[in-house]
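Using the hints provided, position chain U relative to the given structure of chain C.
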Amino acid sequence: MKKVWPILVVDDEEVMCDSMAAWLREDGYRVDTAPNGQKGLELAKSTDYAICFVDLKMPGGMDGIETMMEIHRIRPDASVIIITAFATVDTAIQAMKEGAQEYIVKPCHPQEISMLVSRILKLKKLQSENAILRKKISRQYRHRDIITKNPRMEEILALTRDIASLPSTVLICGESGTGKELVARDIHYSGARAEKRFVSVSCAALTETLLESELFGHEKGAFTGAEGQTKGKFELADGGTIFLDEIGDISPKLQADLLRVLQERRFYRVGGSEEVSVDVRVIAATHKDLAEEVHAGRFRDDLFYRLNVIEIRIPPLRERREDIPLLAEHFVERIASELGKDIAGISGGALKLLIDYDWPGNVRELENVIERAIVTSHNGTLVDGDFAWLHQRANSNQNWEVPDVPLADLERRAIIAALERKGGNIKDAAASLGIDRSTLYDKLKRYEIAH
Amino acid sequence: MAEWCPWAVRRLPALALPEGAFDAKRGQYESVEFMKTVARYRPSDAARILGVTEVDLAIPMLTFVFGQAQLEGPVAVISLCRLRQEFYGQPGDETLLRERVVKEVLHELGHTFGLTHCADPKCAMSLATHIGLVDSKEERYCPDCGSQLVRRFSSPDGDA
Chain C
8 MKKVWPILVV
18 DDEEVMCDSM
28 AAWLREDGYR
38 VDTAPNGQKG
48 LELAKSTDYA
58 ICFVDLKMPG
68 GMDGIETMME
78 IHRIRPDASV
88 IIITAFATVD
98 TAIQAMKEGA
108 QEYIVKPCHP
118 QEISMLVSRI
128 LKLKKLQSEN
138 AILRKKISRQ
148 YRHRDIITKN
158 PRMEEILALT
168 RDIASLPSTV
178 LICGESGTGK
188 ELVARDIHYS
198 GARAEKRFVS
208 VSCAALTETL
218 LESELFGHEK
228 GAFTGAEGQT
238 KGKFELADGG
248 TIFLDEIGDI
258 SPKLQADLLR
268 VLQERRFYRV
278 GGSEEVSVDV
288 RVIAATHKDL
298 AEEVHAGRFR
308 DDLFYRLNVI
318 EIRIPPLRER
328 REDIPLLAEH
338 FVERIASELG
348 KDIAGISGGA
358 LKLLIDYDWP
368 GNVRELENVI
378 ERAIVTSHNG
388 TLVDGDFAWL
398 HQRANSNQNW
408 EVPDVPLADL
418 ERRAIIAALE
428 RKGGNIKDAA
438 ASLGIDRSTL
448 YDKLKRYEIA
458 H
Chain U
233 MAEWCPWAVR
243 RLPALALPEG
253 AFDAKRGQYE
263 SVEFMKTVAR
273 YRPSDAARIL
283 GVTEVDLAIP
293 MLTFVFGQAQ
303 LEGPVAVISL
313 CRLRQEFYGQ
323 PGDETLLRER
333 VVKEVLHELG
343 HTFGLTHCAD
353 PKCAMSLATH
363 IGLVDSKEER
373 YCPDCGSQLV
383 RRFSSPDGDA
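Chains C and U supply the protein sequences, listed in that same order. Those letters in the first sequence? Residues 8 to 458, per this note's numbering, in order. Those letters in the second sequence? Residues 233 to 392, per this note's numbering, in order.
The shape of chain C in the complex, shown without the other chains (with noise of 0.2 Å):
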């Protein structure tokens, strides 16, 4: 349905006011008229005008001059256009400096009329749709997810908007699906490099030389499979900002290798000789603490200092049982609609089920467990009921009879009878055991575990 645009018409000759009302209004806009200046910013009081037409001379009261600046105090999206005779053109254009939009010379052309409303209107529609798609874009962006009524991640968030256009290196430290890659895009997209891309790149998850070539690109012929020149991370990000997640994994020789990159801005691709230098913004996270694996000699205390610029460090959720029910709504809406189930929401019980839980796989374990919920569930609500094999898991926790040897012994074992269990497959054993891939990865590693 056409949108339809008021207008005002300021004009203190009562048959110009009629003449050119019914004339807009043979277009089908919807006109209105006032005999001078007060009335007429009395209706722009109380209805926002698309173009208000006003003459410049109106004796006694306001002139058109001030007519146009008073609309635009109270309505500045309005577009002024000033009526003008003959005589009076110079301060016609006068008014142009002081904002009006365009200027007509009475009596005009009727082509005249037409096209500068019709040209307004097509400005004012691609206004308003841009406007719209900027607020959709910055939704579906920024804060995308972020929930809280936390004090330390509202601090969090503040802090992002803050050193989102600066230029320096971020470290995000956090457990696993505590959300550091939701920080990471909420600092991208709130800054100047929003425009260009966000890519990120999970370290843990690729083989050294894979990671190298995944990174920094590589040239034809570079190792056995490398058919053509491909592009790394590195240089995709350009403009923009690469997230480097699970930084705390990558071998001694990328750390060196990351290390150039950071303070040159310059890398080669892998079998290449060419140089390529990029602008690119790292923010890097990780569920290890770094400076201990400084201290522990696995990690290198000048790259360390380099991620190490603004340090960010989310809590997990159960230092943050305020937002499990903020957190759990908005799943429930969200996962419910994009499964076209109809579920309004959860019970009284089974938060205070949710809310006791401690959620070692944080957000992300409790956006799992909410999907396996609606997935399930039967009815219009998601009752206890729907989450009693959460409360099985944190009692089976508790109730353990704990043999008496090393921890590293123990999550060896774990992990083993995890993947005995899921025949070998990665995501199934991540998840039976509440960690991430890029944990288990980790941790396959430190045990020296065939997989």
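Just so you know, these hints were derived from the structure itself, not from any lab. Bear in mind the structure is a predicted one, so any value in this text is a computation, not a measurement. Among the clues, some could well be false.
Cβ pair distances, simulated, as ranges [unchecked claim]:
(1) Ala-138/C with Gly-324/U: 24 to 34 Å
(2) Val-11/C with Ser-379/U: 34 to 44 Å
(3) Cys-115/C with Glu-370/U: 26 to 36 Å
(4) Ala-351/U with Glu-281/C: 22 to 32 Å
(5) Glu-318/U with Val-11/C: 54 to 64 Å
Here are a few chain U residues that sit away from chain C, every Cβ distance over 10 Å (derived from the structure) [to be verified]:
(6) Leu-244
(7) Thr-295
(8) Phe-296
(9) Gln-302
(10) Thr-361
(11) Arg-372
For every residue, glycine included, the Cβ atom is placed at its ideal position computed from N, Cα and C.
Frame of chain C, contents of chain U only:
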């Protein structure tokens, strides 16, 4: 008009030019004054009245109008002055004039039945700001405008 107009048409005697309608400075007549005069002569059984004049019509804001109508009102006027080829320094053409008049009558009467300007340049309800645009119209309403008119006539409070 009776040949193509879907309504019963009656011709009334000619009227004198309305007094005070002439603007000597512009050498044109004020169309609103014509509408007022014509309105006074509308018989009680006539749903619509259309004034036709040879003189050049204008409104204070515009340099000229081909015609004018009350949106959803009973009165409309058209001027033949700028529909004639002679106005543009060409030899007279009665066939062309007739076509243009039909389009203008459909257009102004359309306004009196509540139609506003149509985006289809071939529709009689499209806005014509110069004679070229009148000529590129067809002597008919587009399906949208046509069906709007039909709805008006078939609704119980339709006044046609």
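Now the hints, each set against the structure:
no.: 1; hint: Ala-138/C with Gly-324/U: 24 to 34 Å; verdict: 54 Å, violated
no.: 2; hint: Val-11/C with Ser-379/U: 34 to 44 Å; verdict: 20 Å, violated
no.: 3; hint: Cys-115/C with Glu-370/U: 26 to 36 Å; verdict: 28 Å, holds
no.: 4; hint: Ala-351/U with Glu-281/C: 22 to 32 Å; verdict: 56 Å, violated
no.: 5; hint: Glu-318/U with Val-11/C: 54 to 64 Å; verdict: 40 Å, violated
no.: 6; hint: Leu-244; verdict: 24 Å, holds
no.: 7; hint: Thr-295; verdict: 5 Å, violated
no.: 8; hint: Phe-296; verdict: 7 Å, violated
no.: 9; hint: Gln-302; verdict: 8 Å, violated
no.: 10; hint: Thr-361; verdict: 4 Å, violated
no.: 11; hint: Arg-372; verdict: 19 Å, holds
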